[in-house]
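K.L.:
Following the hints, complete the assembly by docking chain X onto the known chain B.
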Amino acid sequence: MPNSKVLTPLLDRRQFFSWVRTGLGGATVLSLLGRDGLVRADTTLSEADDAPPHHAPRATRAIHIYLCGGLSHVDSFDYKPELVKYHGKPLEGDEKPDVFFGKVGLLHKNIWEFKQRGESGLWVSELFPNLACVADELTVIRSMFAETSNHTPATFQANTGFRLNGFPVMGSWLSYGLGSECDNLPSFVVLPDPRGVPAGGSINWSQGFLPARHQGVSLKTQGPAINNLFPARPITARTEVASRDLLAEINRRHLEERDGSDELAARIKSYELAARMQLSVPEVSDLASETAATHQLYGIDDAATADAGRQCLLARRLLERGVRFVQIFSGGAFSSPRINWDGHEDVQANHTQEAGRIDKPVAGLLRDLRQRGMLDDTLVIFSTEFGRTPFTQSDAGTLGKGRDHNQYGFSVWLAGAGLRHGLAYGATDEFGLKAVEDRMDWYDFHATILHLLGIHHERLTFYHNGIRRRLTNVHGRVVRELLT
Amino acid sequence: MTPWAINPIDRFVRAKLEANGLSPSPPADRRTLIRRVTFDLIGMPPMPADTDSFVSDPRPDDAAYAALVDRLLESPHYGERWARHWLDVIRFGESQGFERDKLRPNSWPFRDWVIEALNRDMPYDEFVRLQIAGDVMRPDDPAAVIATGFLVAGAYDEVGQTQQSAAMKAVVRQDELEDLVGVTSQTFLGLTAHCARCHDHKFDPITQVDYYRFVAALDGVRHGERESSSGVARAESQTTAANQHSSREPVDARGSERLAELKRQLIALDEPVRERVLAARKAEARPRPAPPQPIARWDFDDNLADSIGSLHGTAHGAARLEDGRLVLDGRDSFVATAPLANDLKEKTLEVWGSLASLDQRGGAAISVETLDGNTFDAIVFGEREAGQWMAGSNGFVRTQSFSGPREPVADKLMHVAIVYYADGTITGYRDGKLYGTAYRSAGLQSFSAAKAHVVFGLRHLPVGGNKLLAGAIDRAQLYDRALSADEIAASAGVLGDSVSEDAIIAELSPELRSRRNKLVLELSRLETAERLRAGRVCYAVLPKQPEPTRVLDRGDTRRPKEVVAAGGIAACEANAASLKSDFGLPPDAPEAERRVKLAEWITDPRNPLTARVIANRLWHYHFGVGIVDTPNDFGWNGGRPSHAELLDWLAAELMEPVESRELKVDGEKQHNSASGDSGLQPSTLNPQPFRFRLKHLHRLIVTSATYRQSSRSSTAAAKLDAGNRLLWRKSPQRLDAETLRDTILAVAGELNPTMGGPGFQDFRTHTNNSQFYDPIDPIGYSFARRSIYRTWVRSGTNPLLDVFDCPDPSTTTPRRALTTTPLQALALLNDSFLLRMADRFAERLGGEEATDVGKQIDRAHELAFARHATPEELAAAQRFVAENSLAAYCRVLLNSNEFLYVD
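The listed protein sequences correspond, in order, to chains B and X. Quick note: the first sequence uses the numbering used here, first residue 1, plus one each step. Quick note: the second sequence uses the numbering used here, first residue 485, plus one each step.
Hints listed in this document are in silico derivations from the structure and should not be mistaken for laboratory results. If you're wondering where the values come from, they're calculated on a predicted model, not measured in any experiment. Worth double-checking, as some hints may not be accurate.
As the list claims (entries may be wrong) - Distance condition first, Cα-Cα at most 20 Å in a straight line; then the derived PhoX-like pairs of lysine-lysine: (1) X:Lys653 to B:Lys103; (2) B:Lys96 to B:Lys434; (3) X:Lys747 to X:Lys1002; (4) B:Lys401 to B:Lys109; (5) X:Lys500 to X:Lys1203; (6) X:Lys653 to B:Lys96.
Chain B extracted, bound-state conformation:
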């Protein structure tokens, strides 16, 4: 697929029939569209009153990789030599850290070896050997701070700016604020981990109080991509075509009698869009059309990395076709056995399992976006709800294997347009417990992301119950130090 954002005529018949596997045949859809095989995507506009761009955007689209459960920063992106020195010793000081499970064991050194990488010399551990090779693309923030160390409220805050249920997530805000480059695909797509959805399921891609069209649409990377794309039971092509024709006729008459109401006309158009979606969703989901080299780059050829590989590749394909925001989940809910990054019992075992799934695919994604020139106007976000403690989650005076939640300091990274690459911003204390230098809150993080996308975070608002709500509540600072 060439590097073009707008999908132009592509209905090669052979290709086409391979997309539509069951139910409605491709020919049916074609005749529904009633045109010469042209699948053209239109843009949809911003719904915000004060519509962006508020300034020239550096990025026009984003992929957000979200690690559920809490990535250990001291084992990945925040190198703390002092931890090696004090390995097995108690944390000094009067104040007992307030941690989720209340157990403060002995300090534990980084489990994976750290090295300086690339030209930038950015520290990245061996937990992510492939990402380490693209370190020069990353802008690491090592001084993040969360307001809670409780997973779900922390996840809500990382994605909505608020600790409570019921607020719109970042993807919904962007869909609302920026509209979409294509109307034949949802503007905000979510790709859950095939092992399971995060705790709270669809709450994690809720539009909150924004109009429902801004809800994230969850796409599966295998099997039918979205619900109800084709009839739940077979309907012959002839009947399908006749039904849609009749429906159009009935609706046209109804509209005429009502002097062409916009709302009714929009509903008629939505059936045409639906038909386009029946073409575009199978097409975008057809990863087999990519080359073997691409499959290899994303790790799809290897069972260990295939899940995340498919997520990452599908994300790129969605962006190419004009989708605004794709959120990839790494990890599901809190269950037993663990299927996310919540390494309470044994960080080494847990993070080996989790990083092994995503390291190569995410690195492959960055390489691919770079070689296609897409990284120039695409933002990649890699975040988690909080970090993990430098001491083990074990009785005082003992050295365990797991680490508890750490809200006071942790690392995330960004890559792509408008960023200073190879940068490490901010710092935690000598052990990685608390952010002490250039502390960055989620509000600042969100303000900066919106800025890169051409949005002034105080100007993207939606009136709800007394307040013009923002992603950044009443806070937020664009951290210009991260930007070129």
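P.N.:
Structure of chain X alone, referenced to chain B:
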């Protein structure tokens, strides 16, 4: 009064229109009107008989319409419709939300209380008081305790509330209080008091101290389950029982008499049908299409041969025949057959057999698999859920839990069957009866001739692991189609005397079905009232005396400042000098007193907001836009009223009714005749029967000329007022999500009118630390209830309702978004529920109008659009039906704009 004006509402509207150079539209015709007001008041479409009788009512328009409105306001469906609006506002959910999202299995009584309170037209001030402090104002009244479900309708962060860190727990609690204060002040007062948690309200005169006084009033609110009847139970066990009962016993007696009578009638109606079904089964038992014809059958008597086709088996491992059974050791023994002779799509797998042990986890009795074992459909025991059967499949892609009962004993012969339908539906049966619940899987798996075979005792190749079954198989059969429930029962040879409700309903004539529905409706309503009266476990407030409340500097729990006592919002005093926001309570006052004072303060007639806020909500739902278009926010940031004087008048009329009515004696009778309603009646006799009665306002609004205007647009008027804020016409409205689903059920003739009781669950749920909810499309009478009776879990929303803007139950929704998206079109075209309903709709038409296609089509139009088909429509439809099918035509109607929009 000009002829156009019917009541004072019209004078206010007319004045504004004229001042802006606009004039009202002519009245809508009777057909339009009945469809509009029926959807509006009861959330369902008018049935053709209702439409006919209204259209042909010889009385003048006003009288005929007034009678219609009275009938609708008395319909128990009114409460169902308007309770849904209320539940939106108070963000009612039936699970905890946050990480665990645990189900609240006893939160539904609150939903029933709201429906019943609205149906009885409980005075609004009482309705409010009971939700805030029912448990302390009327402790011996179970319904009043249930009413406090309002206080705990929101999410609850179980993990946050039970974590180790006290400091973090305090933050979680403050977040919870902000949510509660916010919802309480928005719901009743239209004030966004929660905005003052960290600082004085930026726009409205609400100080941070006001906020914390409000917090103090609600600081004792905690979530929990309680026995709503405990007060009553205690009282009754003592000698004072007579006193307690004196006022309501007669009502109860009448109610229980009626209840018994209805039950008798229902039995009388069902019994002959039941006997007919049983007789038919007996008659059918032998020759009839008799047990259905399989394509393969293995008796395992003295060989492994297929006695019908060519799928002869071969034994592997230690598999052996013994006493006419195939015995499997669970280690390496299984039987594999020759490859399929024909392709297999829809299918039914059936075995008679027994289990050697109940703790085995994953063996299959029978499996159809590709020769390499990579793809299979199998009857599997205990793999995901110990002791239960499931439809096993490769990678679980077609597997969901049936949630069937666990097997009680080993070594007992049983019959198990699984049916795979073309649309992906998978249904399990045990001993000829439905096993748990059917579900719709991702899709039907086909197996190709020569490339697949059948195995017994093994889930799929290769052999090993937990895939082998320990037990015996007496007989097995394979079918190349999906058997019906009756066929399964016939095959299982268990045609006992139990006849399901579904089976009875399927046998009823349209007339009897409609009669039965009426009985079920009245019966279930009385049972609901009885449950509310008697009380039961419910999710409600479980108060706890708090520490004195402190103002928190910038909302920070680590920076407590001065202690404050419970109180209201001081700014409300401005317009009513004598209503004090100071409750006169010390900071350590019992929490019960605080809530009582808050309830009294909110409902005091001198409170300037309460009546206006509810009057505006009613207006909002009737017209699609409120007089204040932000129903939760009457503050500075909210919308300016389009007709301020009208809103004042409506509020005054609600509190002190003066407008004459042509007597709603019927309505009043209804209040008194309903049974056992102490919990739903005001505590003192109301001297003014219409005071705070919402139905009085509804009646005024919907009988106004303003409401009865045509919805047709006018270019000239649209130029001046495109948004129709001045009401020069009635704006058309799209059906909301629940109304859409309910209407589809009603039109298809499938609606189960049962009121109240536990909700139906259109999801599968399992718990693994957190509770998970996977949406499904369950089939059957018990799921065909109105949408308000679904179990509203927070992370298990219904995808069909979702796309039509059903709100997230975690957030208060004073007005729903209305969007138009391609996903809606895909859902209505393709969703299994919709396609099934289109089929039922067509069957219904076939049943009602025999074989006359023209009549069937006309009837379809009456049901879906409340009008007859035009000759052109009829002609086009007949052509379409001839070339396609009536069901396909029904699908088109259910997708049409006319179906979704109300003029």
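K.L.:
For a C-alpha distance cap of 20 Å, please report whether Lys747 of chain X and Lys1002 of chain X respect it.
P.N.:
Measuring from Cα to Cα gives roughly 12 Å; hence the hint holds.
K.L.:
Lys401 of chain B and Lys109 of chain B: Cα distance at most 20 Å?
P.N.:
11 Å, holds
K.L.:
Lys500 of chain X and Lys1203 of chain X were given as a pair; does the straight-line alpha-carbon distance stay at or below 20 Å?
P.N.:
16 Å, holds
K.L.:
So if I understand the rule, the pair passes when the alpha-carbon distance is 20 Å or less; does Lys653 of chain X with Lys96 of chain B pass?
P.N.:
17 Å, holds
K.L.:
Taking only the CA atoms, is the gap from Lys653 of chain X to Lys103 of chain B under or equal to 20 Å?
P.N.:
16 Å, holds
K.L.:
Within a Cα-Cα threshold of 20 Å, do Lys96 of chain B and Lys434 of chain B meet the stated pairing?
P.N.:
Within the cut-off at roughly 13 Å; holds.
Consistency note: the structure conflicts with none of the earlier hints.
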